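Number of protein chains: 2
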Amino acid sequence: MSAFADRLAEAVRRKGPLCVGLDPRWELLPKAIRDRYGSDPNYLSSGAAYDVFCRKVLELVRPYSGVVKPQAAFFEQLGPSGHPVLQPLIQQAREMGFVTILDAKRGDIASTATAYADAAFGPVWDADALTINPYLGRDAVEPFLTAAKAAGRGVFVLVRTSNPGAGLFQDLVCDGKPVYRHVAEAVAAWNASTLGECGLGDVGAVVGATHPAELRELRAAMPDVWLLVPGYGAQGGTAADVKAAYRSDGLGAVVNSSRGVTFPFHPDDPGWEAKVWAAAEKAAAELRP
Amino acid sequence: MSAFADRLAEAVRRKGPLCVGLDPRWELLPKAIRDRYGSDPNYLSSGAAYDVFCRKVLELVRPYSGVVKPQAAFFEQLGPSGHPVLQPLIQQAREMGFVTILDAKRGDIASTATAYADAAFGPVWDADALTINPYLGRDAVEPFLTAAKAAGRGVFVLVRTSNPGAGLFQDLVCDGKPVYRHVAEAVAAWNASTLGECGLGDVGAVVGATHPAELRELRAAMPDVWLLVPGYGAQGGTAADVKAAYRSDGLGAVVNSSRGVTFPFHPDDPGWEAKVWAAAEKAAAELRP
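For the protein sequence lines, the chains are A and B, in the order given. No gaps in the numbering here: position 213 of the first sequence is 213 in the numbering used here, and each next residue is one more. No gaps in the numbering here: position 127 of the second sequence is 127 in the numbering used here, and each next residue is one more.
Be careful, since some hints might not be right.
Because identical chains share one entry, a pair is satisfied inside a single copy or across any pair of copies.
The list that follows gives simulated cross-link-like pairs (lysine to any residue, SDA-like), each with its CA atoms no further than 25 Å apart [unchecked claim]: (1) Lys15 - Ala285; (2) Lys275 - Gly165; (3) Lys177 - Thr114; (4) Lys177 - Asp139; (5) Lys275 - Ala11; (6) Lys15 - Trp277.
Calculated directly from the structure, the hints in this document are not laboratory data. Nothing here was measured: the structure is a model prediction, and the numbers come from that model.
Just chain A, same shape as in the assembly (with noise of 0.2 Å):
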């Protein structure tokens, strides 16, 4: 297996930035899809409806996107049912040639942060990538970095993340820098080891595509490391924004739709497999680098 930044570069190079979220929700299935498995929404009928909805968006996407990140809380939501359906979902996603990012921001310290990650990359889940959160340090970042290595896949440590409230703390000014340039200077050196052929590295970093100034002094700021950039979309990023994301290559960002792409029907609309086809297909038109 190639480097995770190489075939990272490879599905970008395919079928360029964009990466699919898959956040699925009850109350925004569709409703054919809902009927099927029961009017109540429960672990069983719930997990059966996610698993049936998140396999037909991925056929849906696949012409035009390479990436896709599942939301981890949405499948511990359902219990004892979540692992049956995620897990599956990531390994059909990987057969059908999609990089796999496992969106839990995990973070802990030492040997449990080691538990997260080998779940991550072990038989657990078996993804690509996994986002970490930072806050804990250097020694609970560490063993994701070692286990990634290990087993060739990647991490994206968040930065700056693209909710309002992010500022409360990721904003404060130190040494007169604000905490997520410390976080993205951080980010650069543990990446700096792990280049691939592509130039870029397998430790990336979460940056929110709401604050499009911030991307720009992010990207300046890590030239090598691959940026995940969600915010696209529903919560307000848009295509020319988050193109300051990109490398003069085209290379170093995926670009993260969720609901955009995955949910833009009304549930009763029996016609929604056109119109996530129909949305990822512009969404990918105008992410081209």
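Since the structure of chain A is already known, use the hints to place chain B on it.
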């Protein structure tokens, strides 16, 4: 159900501040239990062994501790067998009168945070409290506070963690104060509207025992906030160190020990139960306010 803060106060008044961390690991389990479930670890055998071991630990430590903290990572590592072990274990602990803190360090934005909170406080995990990570800021923390309030539960926000590399970002100085002090001030503000009859609130803080000066400083900075103090015992914090976390009324902190209480034996030792019992007794005596 009374407020979380008051239930925690009642537990600490009855049993003292010892919190027992449930961090099961296959290689540390008593050989007698491992042998019963097969010599090769796999999801099912590990799950059954974790279940037997953790339930026995609950029985053994019950005279000395009113609070337990299962670590989600070690159950996530079990894949499909994780939920069917951890969920009933939390319920068993609650039925035995323990206050349960699910240590999952979750954090995400908006509706994703709501999904994690629903899982933690609803039927998926149904824990009394959840640890959360503040890096994503205001609107990433608030969904957890809202869900906790609605369900009579609590949260513990990571403020200053116990690991050696914690300072990388937590100790950066902004406006004359380290980042962790800024987080502490936000926690104190979130907590202020949740005070129970005990005078403490439902929004707690994680503050490591391995930095006694900071523990004293943070006790003073958050006088009405419950502190969850990891790092005592195996990580190096002493009983004298952690007493800085207590208020003058003897309340205000729960002190976690995981390995020190639950794995004070060699796996081959047939007398392991007595050693757990003795370790819990000793820790409870040392920690008495």
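Here's how the hints hold up against the structure:
no. : hint            : result
1   : Lys15 - Ala285  : within (10 Å within a copy, 63 Å between copies)
2   : Lys275 - Gly165 : neither (31 Å within a copy, 48 Å between copies)
3   : Lys177 - Thr114 : neither (31 Å within a copy, 31 Å between copies)
4   : Lys177 - Asp139 : both (23 Å within a copy, 23 Å between copies)
5   : Lys275 - Ala11  : within (23 Å within a copy, 54 Å between copies)
6   : Lys15 - Trp277  : within (14 Å within a copy, 59 Å between copies)
Violated hints, in rising order: 2 and 3; the structure is consistent with all others.
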